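Number of protein chains: 2
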Amino acid sequence: MAEPTLRDVALLAGVSPRTVSNVVNGYAQVSPQTRAKVEKALEQLDYRPNVLARNLANGRSGQVAVVVPYLDTPYFAELLQAIIPRVRARGFNVLVDQTDGDRAHEAELIRRKARGFLYDGMILSPLGLSQADLAGRDPDLPLVILGERSSDGAFDHVGIDDVAASCEAVTHLLSLGRRRIAAVGDQPYATGEAAQRRTAGYRLAHERAGLPVDESLIVQTPRFNRVDGATAMARLLDRPDPPDAVFGYSDLVALGAIRVLLERGLRVPEDVAVVGYDDIEDGRYSTPSVSTISPDKSTIAEAAVDRLLRRIESRGPVTGEEFVVPWTLVARESTVGRGAP
Amino acid sequence: MAEPTLRDVALLAGVSPRTVSNVVNGYAQVSPQTRAKVEKALEQLDYRPNVLARNLANGRSGQVAVVVPYLDTPYFAELLQAIIPRVRARGFNVLVDQTDGDRAHEAELIRRKARGFLYDGMILSPLGLSQADLAGRDPDLPLVILGERSSDGAFDHVGIDDVAASCEAVTHLLSLGRRRIAAVGDQPYATGEAAQRRTAGYRLAHERAGLPVDESLIVQTPRFNRVDGATAMARLLDRPDPPDAVFGYSDLVALGAIRVLLERGLRVPEDVAVVGYDDIEDGRYSTPSVSTISPDKSTIAEAAVDRLLRRIESRGPVTGEEFVVPWTLVARESTVGRGAP
DNA sequence: CTGAAAGCGCTAACAA
DNA sequence: TTGTTAGCGCTTTCAG
Chain H
126 MAEPTLRDVA LLAGVSPRTV SNVVNGYAQV SPQTRAKVEK ALEQLDYRPN VLARNLANGR
186 SGQVAVVVPY LDTPYFAELL QAIIPRVRAR GFNVLVDQTD GDRAHEAELI RRKARGFLYD
246 GMILSPLGLS QADLAGRDPD LPLVILGERS SDGAFDHVGI DDVAASCEAV THLLSLGRRR
306 IAAVGDQPYA TGEAAQRRTA GYRLAHERAG LPVDESLIVQ TPRFNRVDGA TAMARLLDRP
366 DPPDAVFGYS DLVALGAIRV LLERGLRVPE DVAVVGYDDI EDGRYSTPSV STISPDKSTI
426 AEAAVDRLLR RIESRGPVTG EEFVVPWTLV ARESTVGRGA P
Chain Z
126 MAEPTLRDVA LLAGVSPRTV SNVVNGYAQV SPQTRAKVEK ALEQLDYRPN VLARNLANGR
186 SGQVAVVVPY LDTPYFAELL QAIIPRVRAR GFNVLVDQTD GDRAHEAELI RRKARGFLYD
246 GMILSPLGLS QADLAGRDPD LPLVILGERS SDGAFDHVGI DDVAASCEAV THLLSLGRRR
306 IAAVGDQPYA TGEAAQRRTA GYRLAHERAG LPVDESLIVQ TPRFNRVDGA TAMARLLDRP
366 DPPDAVFGYS DLVALGAIRV LLERGLRVPE DVAVVGYDDI EDGRYSTPSV STISPDKSTI
426 AEAAVDRLLR RIESRGPVTG EEFVVPWTLV ARESTVGRGA P
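Chains as they are written, first to last, in this note's numbering: chain H, 126 to 466; chain Z, 126 to 466.
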């Protein structure tokens, strides 16, 4: 049984498709009588507009792509959870994709050929993308980049100041009297910019405190997961001069590290204090709860969606904006022990 | 600068749009010479098909909606992570939405009017949906329901046998000698079917063991989050006759309960053993790690996607299938202590 | 194997 | 205010 079309409604109501369209979309002025007639026909046929046809006629898909590296990483899941309702509230649908942090995949997504008018814009949280990849992107694609990368002026960027935040996290540990602070998560290669900013913050904190950095305490991990934190921590504890504190580049890294510390009978924070990054929910209810850098996710989502839709709706190119989101250091049990908030 | 269309390519190549379409889609046989000409033109113009137009002509959107209650709940995030690549591998895009477990929202999504050919089918993981809501759904929408609800024959259903799994979880606790096992997460009202099946399994385990059920140990929680587990656990411990084991209706509930137990200085599992449900990653790295019912998420995703796409591709109605996915009980530290796998 | 042409269902410029 | 009509860009039937 074929779906009723605008035409069917028009025929039934004895008006033109144009008028029905006006009624459906609330355009222009329609006389009350006509409107009533049309609405009755609409009702009678149980008409629902065909979005596909509308999209084609409009030249817009009404869809926005949101792309993150991993959906099952709590930070990105929480971010997505914040973004989706906001996009939908503005009348757009959300197409979701994950890249597994694969640089080629990320680069492909923003390249010209990839899109086929399937989405009107994209919010991308890249992991491996290089500046060169960004340079080769589709210049007509409204794009908001999330995370630790500054805009080159042609797309919007939303994120927190990672260097400052990392510096604060490490300063917190220093202020607790810790002097052998491990930095867990460095990635000193092209696709590790996010990690490198945290390392920069780590160095900055030491510098400001007039303390030297023990390079051997800066540990690399392939990713920012629990297993990475666990593996790194185990290695650190096997050294003759283990650290008395850990700055994990994500809360998952911190949780993995804590897991190993407790397994080895060490106390957190008494023996080793740990601070993480992201403020995911897991860290709030773990034992001990995890001190962390808490980026304001609502603000990030709000800003990203707002920037993107503004750009889509204004069509033509707009100059890229840099939007720096506030963050806070949340001190929980993993650094200040029981009685922490 | 307007995008090149099929027509432009045809003009440049000196053939008809029909032929270009054939080449682009690999349809029919095209003579090598013609093909070469067309491909050159394609290349030259950097042509990319307009998906919107193609969709309209095909009467299909090439999109699948995947709807879960909460994106930031690890179980659903992990499920989504498993589903998305599989859908994309079959050439479809994924539209994601979350319902916040709101029954009205869920019911609306499967109602006739909601869709506008925007998606060709839906995978829905309902929380509050009633049988009546399901009865009122759009009969033409290919639908796969995930979770604890049996099919009425007109849609597919994929899930594990919750009663059996819950029974096994509780039997595990009984086999460890526990006799005062709390069940945390019951929801004895219309929208709590999922919870009720777990409770049924809890009862069944006792029945099989020939043991009575202490009704006061079956505790209700509004949701299955950490905070619910924590709150319930606190109340249980305030009783004069606290439990010696807990069956949490999700791993989050279990983690929340463990958190409170440790805070109060109790040992897990020595004083109180805890088992959860879902096998989320958090439970594997927490201290102690959480024993749990592990549904086979890959199989769930695989089955759901396969059923849905099969239905979409075969168009006409197919009889609904019930697909029962295997699960396992994973005994970790929260029940068997250190040395657990 | 390829061309001509009729839609898919909706929007919107142009008329009336 | 409302009707007429020409697309949006692609697919596909029917000829040739």
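These aren't lab readings, by the way, just hints derived from the structure by calculation. Please note that the accuracy of each hint is not assured.
In this list, chains with the same sequence are indistinguishable; a pair is considered to hold if it fits within one copy or across any two.
[Said to hold, decoys possible] In silico DMTMM-like cross-links for lysine to aspartate or glutamate, where the CA-CA straight-line distance does not exceed 25 Å:
{"no.": "1", "residue 1": "K162", "residue 2": "E340"}
{"no.": "2", "residue 1": "K422", "residue 2": "D339"}
{"no.": "3", "residue 1": "K165", "residue 2": "E233"}
{"no.": "4", "residue 1": "K422", "residue 2": "E203"}
{"no.": "5", "residue 1": "K162", "residue 2": "E438"}
{"no.": "6", "residue 1": "K165", "residue 2": "E128"}
{"no.": "7", "residue 1": "K422", "residue 2": "E446"}
{"no.": "8", "residue 1": "K165", "residue 2": "D263"}
{"no.": "9", "residue 1": "K162", "residue 2": "D286"}
{"no.": "10", "residue 1": "K165", "residue 2": "D421"}
All values reported here derive from a predicted model rather than from experimental measurement.
Check your understanding: 25 Å Cα cut-off: does K422 pair with E446 within a copy, between copies, both or neither?
Key -> Close inside one copy (18 Å), not across copies (41 Å); limit 25 Å.
Practice item. Have a look at K165 and E128 and pick one of within, between, both or neither, based on CA distance no larger than 25 Å. Key: within (17 Å within a copy, 40 Å between copies)
**Study point:** Within, between, both or neither, where K165 and D421 count as close if Cα-Cα is 25 Å or less
**Key:** neither (48 Å within a copy, 50 Å between copies)
Review point. Should K422 paired with D339 be assigned to within, between, both, or neither, using CA atoms and 25 Å as the limit?
Key: Neither, since 33 Å and 43 Å both go past 25 Å.
Practice item. First find the shortest C-alpha distance between K162 and E340 inside one copy, then the shortest across copies, and answer within, between, both or neither for a cut-off of 25 Å. Key: For K162 and E340, the Cα distance exceeds 25 Å both inside one copy (78 Å) and across copies (60 Å).
Check your understanding: Are the CA atoms of K165 and D263 at most 25 Å apart within a copy, between copies, both, or neither?
Key -> between (46 Å within a copy, 22 Å between copies)
**Study point:** Status of E203 relative to K422 across identical chains (alpha carbons, at most 25 Å)
**Key:** both (8 Å within a copy, 20 Å between copies)
Point to revise | Alpha-carbon proximity between K162 and E438, which holds within one copy, between copies, both or neither at 25 Å | key: Neither, since 33 Å and 38 Å both go past 25 Å.
**Study point:** Within, between, both or neither, where K165 and E233 count as close if Cα-Cα is 25 Å or less
**Key:** between (48 Å within a copy, 22 Å between copies)
Point to revise | Within, between, both or neither, where K162 and D286 count as close if Cα-Cα is 25 Å or less | key: Neither. Shortest intra-copy (58 Å) and inter-copy (52 Å) distances fail the 25 Å Cα cut-off.
Hints 1, 2, 5, 9, 10 from the earlier list are contradicted by this structure; the remaining hints agree with it.
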